[in-house]
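Engineer: Sequence:
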Amino acid sequence: MPSQPEELRERTKQFAIRIVKLFRALPKTEEARVLGKQVLRSGTSVAANYRAVCRSRSREDAFQNRPIAKWLNRPMQSPDHLDAPMQVR
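Under this note's numbering, the first residue of the sequence shown is numbered 35, with each subsequent residue one higher.
Among the hints, erroneous ones may be present.
[Unchecked claim] Simulated restraints on C-beta separations: (1) Asn83 with Arg58: 18 to 28 Å; (2) Ser37 with Ala86: 12 to 22 Å; (3) Lys62 with Arg89: 34 to 44 Å; (4) Pro36 with Ala66: 34 to 44 Å; (5) Glu40 with Val73: 20 to 30 Å; (6) Thr63 with Leu42: 28 to 38 Å; (7) Ala66 with Glu40: 28 to 38 Å; (8) Pro61 with Glu94: 40 to 50 Å; (9) Leu42 with Ser92: 18 to 28 Å.
FYI, nobody ran anything at the bench for these hints, they're computed from the structure. None of these values were measured; they are calculated from a predicted model. Just so you know, even glycine gets a beta-carbon here, dropped at the ideal spot from N, CA and C.
Could you build all of it, start to finish, from the sequences and the hints given here?
Structural biologist: Right, here's the structure in full:
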């Protein structure tokens, strides 16, 4: 049985492959192209980010150059402007 990191690496790789196949199977419309490109970027980034973190030499190195990792690691804060009521003009 593979170790958890190896299993997760393989699962994220297979997920990325399935996303690419999904993108290729989409209709050739403008809407599908726009949405498909976003799905392709976000779906394949999972494997790329996991692989990059696995190759890191330390925890600090893992978060150093990965904006998404930094964002996910920070405490959730509620910006004041989101709590204010909407103003309709």
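Engineer: Does each hint fit the structure? Answer for all of them.
Structural biologist: Structure-based check of all given hints:
1. The hinted window of 18 to 28 Å between Asn83 and Arg58 holds, with their beta carbons roughly 22 Å apart.
2. Checked against the given bound of 12 to 22 Å, the beta carbons of Ser37 and Ala86, roughly 18 Å apart, stay inside it.
3. Distance hint check for Lys62 and Arg89: the Cβ-Cβ separation is about 37 Å, which falls inside the suggested range of 34 to 44 Å.
4. Between Pro36 and Ala66 the beta carbons are some 36 Å apart, a value that agrees with the proposed interval 34 to 44 Å.
5. Remark: the range hint 20 to 30 Å for Glu40 to Val73 is upheld by a beta-carbon distance near 26 Å.
6. One distance hint, 28 to 38 Å for the beta-carbon pair Thr63 and Leu42, holds here, with the actual separation near 35 Å.
7. Under the hint 28 to 38 Å, the C-beta atoms of Ala66 and Glu40, about 35 Å apart, fit the expected range.
8. For the pair Pro61 and Glu94, the beta carbons lie near 45 Å from each other, so the given range of 40 to 50 Å is met.
9. For Leu42 and Ser92, the Cβ-Cβ distance of about 19 Å falls inside the hinted range of 18 to 28 Å, so the restraint holds.
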